[in-house]
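S.K.: Residue strings, one per chain:
There are 2 protein chains.
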Amino acid sequence: MSLSRYFPILDWGRRYDHTAFTGDAVAAVIVTIMLIPQSLAYALLAGMPPEAGIYASIAPIILYAIFGTSRALAVGPVAVVSLMTAAAVGNIAESGTAGYVAAALTLAFLSGAMLLALGLFRLGFLANFLSHPVIAGFITASGILIAASQLRHILGIEAEGHTLIEILTSLWAHLGEINLMTVALGVSATAFLFWVRGGLKPLLRRFGLGPRMADIGARTGPVLAIVATTLAVWAFDLGAWGVAIVGEVPQSLPPLTLPSFSPELISQLVVPALLISIIGFVESISVAQTLAANKRQRIDPNQELTGLGAANLAAAFTGGFPVTGGFSRSVVNYDAGAETPAAGVFTALGLALAALFLTPLIHYLPKATLAATIIVAVLSLVDLSILKRAWDFSRADFAAVSVTILLTLIAGVETGVTAGVVTSILVHLYKTSRPHMAVVGRVPGTEHFRNVLRHEVETQPHVLSLRVDESLYFPNARYLEDQLATFAADKPELTDVVLVFAAVNEVDLSALESLEAINARLREAGIRLHLSEVKGPVMDRLKRSHLLDELTGKIFLSQHEAARELDAERKPATAPSD
Amino acid sequence: MSLSRYFPILDWGRRYDHTAFTGDAVAAVIVTIMLIPQSLAYALLAGMPPEAGIYASIAPIILYAIFGTSRALAVGPVAVVSLMTAAAVGNIAESGTAGYVAAALTLAFLSGAMLLALGLFRLGFLANFLSHPVIAGFITASGILIAASQLRHILGIEAEGHTLIEILTSLWAHLGEINLMTVALGVSATAFLFWVRGGLKPLLRRFGLGPRMADIGARTGPVLAIVATTLAVWAFDLGAWGVAIVGEVPQSLPPLTLPSFSPELISQLVVPALLISIIGFVESISVAQTLAANKRQRIDPNQELTGLGAANLAAAFTGGFPVTGGFSRSVVNYDAGAETPAAGVFTALGLALAALFLTPLIHYLPKATLAATIIVAVLSLVDLSILKRAWDFSRADFAAVSVTILLTLIAGVETGVTAGVVTSILVHLYKTSRPHMAVVGRVPGTEHFRNVLRHEVETQPHVLSLRVDESLYFPNARYLEDQLATFAADKPELTDVVLVFAAVNEVDLSALESLEAINARLREAGIRLHLSEVKGPVMDRLKRSHLLDELTGKIFLSQHEAARELDAERKPATAPSD
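Here the protein sequences come in this chain order: F and D.
For reference, each letter of the first sequence is one residue, going 13 to 590 in our numbering.
For reference, each letter of the second sequence is one residue, going 13 to 590 in our numbering.
If you are wondering where the hints come from, they were derived from the structure by calculation, not from laboratory data.
Owing to the predicted nature of the structure, the values given are computational and were not obtained by experimental measurement.
Misleading hints may appear alongside valid ones.
To be verified - Pairs of lysine-lysine, DSSO-like flavour, derived with a Cα cap of 30 Å:
#1 F:400 x F:503
#2 F:443 x D:566
#3 F:566 x F:503
#4 F:555 x F:566
#5 D:400 x F:566
#6 F:443 x F:503
#7 D:503 x D:566
#8 D:555 x D:443
#9 F:566 x D:443
#10 D:566 x D:555
#11 D:503 x D:443
#12 D:443 x D:400
#13 F:443 x D:503
#14 F:555 x D:400
#15 D:443 x F:555
#16 F:443 x F:400
#17 F:400 x D:555
#18 D:443 x F:443
#19 F:400 x D:566
Go ahead and model the full structure; you've got the sequences and the hints to work with.
M.R.: Following this line, the structure appears as structure tokens:
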């Protein structure tokens, strides 16, 4: 029972049957065909040799199948994580060198180890600190960066850089070296792939395919583009015209590799590895939860960390680079009928066969085609509408999303995502440091109390009932003192202040000191301090302090009770003169 | 009117009269006598030449008198800021060198510029992020560090270090070089000063002095110790016995100095300067507010930033080092009858005279005596009871205070205070990421709803009313989804969910997406989602989204109204069978 919690394979494996096998096998064939070009393309994006992309899709898929909880998630290289890999490793070594490949292995190892540690200590909730606007902004900006970085392959020039400015400057500087034959190939491939997105599916349907088959058929577009352009290069010897090709790719199963554990390398990669782990986890879990919700299956976030951690360790020891659950590959897997993670294992087998037998066929594959598949894939991630939605909804969210987009573009992926998280947190802290407070009065005919400025309510002149709309803690403790002084200042007839604690979810030691100070100051002015609607957890806390002993007033269960009792105290004196 | 807001001197200066002058002049004489040993001692602590301590008390006091809002605050070198100066500058240059003095000037300049900038942009609220436990822990740990760092002067040995471990290791290593004559002097001075704290005041009262004069008389203890030990060194030529003395001190008014603006130096000092600014500001404003409260005067935090900023710039250009409002000197100033900041100006005049004429007299002053005055002063700051108070009140506060104390002691002042602030913030974020939620029911006979687990309340089987005890924002958005699923799971008869938003002070874009997802998921299960007690600011926000259009249920003003209406809907069907 508990063992299958940590090894989900024991759960679904026990009930594996013929139906599941058929579904999984069909899905695996389709996914394998789709993954070959995608893996090569993301290896190119990550700055790795093409075969690394295929290796990174074999062992990781198998490990995820054992430890992961999603039935349909397909693990391997994905666009954003490949971009982050290129940014992190590109700072340390030159792409194409042995040092670059070694650093990528170490990055995968660190990322795997961190994911495992996060899972072990049940720290999956940390991913929640990446707010929705930050993720949306980051993915959009990454898509733009990735598309820009691939332009050099379409233009057939050398260019580099990890920020939009660097990339565009470098492209501009090399613009004279443009290769027209490459441009012709690249632009045709891009145009074809854009057409495939919109036009191939209706065409296939007109030829009589069912909607599901037409959908899957449309996803083979990249394979068609690759076959056509590879044949063209081979037939017309376009290599001699300066078209860059993939070239020699070893025919081999994934090799056993050992990441470097040099302390210097590790210290350079530890921050990028953490960011890659968290971004990869967030991307993967969103895909997994979306697919699971459709079939009412359950995803355990902490077990997902274990699954992704194991997959990244597998990548580190088999010549890969950091991986995560990818959106497009998982959706294809799901649509093609995958029933269990066994589909992943079959896909891994298919890719292993490809690595052994098909690599000579891609010798003449032009890099421009791979770049075209990347550009078309990532531009679908770019969605600037999040800026408008955030602006309409709240300035705080807009600040977070715009900082994330801007800094990702001009300062790179690591700075961008970090700045986004930090901005979200700072904006939150700033807002809670100046909480909203409202003087409240009774909504006539009810026991309900509302803001005097927004509702027609009844108040008593000698009682100030102040609703504090925030937990009281150190950033706003002193602010409460100031505000209370302001509210109390222009009420000379005041005898009682009631703080309505309905929205106070916490009181820390700093706020306790402020409450004690307020109580003492009001006592000197001859005013009593009461509290109302104090919630259970806050009351438990206050009971452990001296505030309740020193409090000049009472604690009322409800604000209604407070108002009634403070009113009744007055009544005996004023009733005769009424 | 508005000019006197920025130059408070225009306000009190206009009404300056003979009574105020007498009070100020008397206070100035007493404070001057007390400040001479204190300034020398804190210069020693900061690693600066002794005269720098006096210089740092002259121009800064005058500038603060022009811009500051406190009537009694006395600005100059204080223990904690001097320790932080030694830690920051000690990383850059060797104490006793010209580079050390130059770096201290730059540190004062940066700190002054930052304080002015914080004041200009009205950022005084940033100081609130130093929670009470963090400040208390930091002051206590700094007191221990300072006392430990002065032991070498009492023992007459060379030792160094900026953390407790470094200091104790260094003391241990040099223990063989102990100078017994220095120990005799240092221990006597320390014992005398401890006795003065407790015993001198009653003695003076027995000799017929009034309580206030006895109090002030007791504060001259350090002067007595200095006179006695200086005479002893001079009369018995103790210098020849190896007793370290202050030596040659220039007879001069504060010199005009120019801080270094080397970019390298500035980049090394910018973080320490920020920490010194904020710690200094917090210490100063607490003292100012305590003294002002007694006389019902008002302190403007942002104007205080200007005052302290100007004082630090003055220190930077007149041979000083970072300064702030000190507790003991301000209390003496206040007790001695200071009426206005003019008392500070008179004190500055007194110290200028001392710098011109008295410095030859301190040639034979033993450093051990200065160390003794420091030790006795700072040990009164050490108060470990904050640990117990925090532990009793909340584990979060205890975490913040213990991290601050521990890291200040073992990793130094800058790391300590930063770690304390970061810990407070992280603990807060962690808590808000897993908010308390309570199923609520009606308290019988009222319109008030409370937690079903804590109170005897009435509920309806087909309605789940869930009170969310936290603002909904990105760290807890997904948690709400999970928790709602948990609460709803074991209620098959459920038709309506009411989220009680009384304690929800904010809804951000991530939480909005979660609410939309919850609404959609409940709709699929045939359950309506309602909100109740949504506060004005939150409602304004929700109106700008699509949630209200899509919401399957209603928005109720109060939870009472929600319960009544949902109950009434049922009544027609069930009434006949009742």
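S.K.: All the hints need checking, so say for each whether the structure fits it.
M.R.: Checked hints:
With a C-alpha separation of about 44 Å, the suggested pair residue 400 (chain F) and residue 503 (chain F) falls outside the 30 Å cut-off, and the hint is violated. Proximity of residue 443 (chain F) to residue 566 (chain D) is assessed by CA-CA distance (about 28 Å); at most 30 Å being required, the pair is judged to hold. The suggested pairing of residue 566 (chain F) with residue 503 (chain F) holds, with an alpha-carbon distance near 21 Å, which does not exceed 30 Å. About 13 Å separates the Cα atoms of residue 555 (chain F) and residue 566 (chain F), which keeps this hinted pair within 30 Å; it holds.
About 27 Å separates the Cα atoms of residue 400 (chain D) and residue 566 (chain F), which keeps this hinted pair within 30 Å; it holds. With a CA separation close to 28 Å, the supplied pair residue 443 (chain F) and residue 503 (chain F) stays within the 30 Å bound. The suggested pairing of residue 503 (chain D) with residue 566 (chain D) holds, with an alpha-carbon distance near 21 Å, which does not exceed 30 Å. Between residue 555 (chain D) and residue 443 (chain D) the CA atoms are separated by roughly 28 Å; this keeps the pair inside 30 Å, and the hint holds.
Of the pairs offered as hints, the one joining residue 566 (chain F) and residue 443 (chain D) holds, with about 28 Å between alpha carbons and a cut-off of 30 Å not exceeded. Straight-line distance between C-alpha atoms of residue 566 (chain D) and residue 555 (chain D) comes to about 13 Å, which keeps the hinted pair within the 30 Å bound. For the proposed pair residue 503 (chain D) and residue 443 (chain D), the alpha carbon gap of about 28 Å is at most 30 Å, so the pair holds. Our distance criterion of 30 Å between C-alpha atoms is met by residue 443 (chain D) and residue 400 (chain D), whose separation comes to about 21 Å.
At most 30 Å may separate the alpha-carbon atoms for a hinted pair to count; residue 443 (chain F) and residue 503 (chain D) exceed this at roughly 37 Å. Note on residue 555 (chain F) and residue 400 (chain D): the hinted pairing holds, with a Cα-Cα distance of about 16 Å set against a maximum of 30 Å. Distance hint between residue 443 (chain D) and residue 555 (chain F) is fulfilled; the C-alpha atoms sit about 20 Å from each other, no more than 30 Å. Taking the CA atoms of residue 443 (chain F) and residue 400 (chain F), the gap is near 21 Å; set against the 30 Å cutoff, the hint holds.
Under the criterion of a C-alpha separation no larger than 30 Å, the hint pairing residue 400 (chain F) with residue 555 (chain D) is consistent with the structure, at around 16 Å. For the hint pairing residue 443 (chain D) with residue 443 (chain F), the CA-to-CA distance comes to about 17 Å; that is within 30 Å, so the pair holds. Distance hint between residue 400 (chain F) and residue 566 (chain D) is fulfilled; the C-alpha atoms sit about 27 Å from each other, no more than 30 Å.
The earlier numbered hints that this structure contradicts are 1 and 13.
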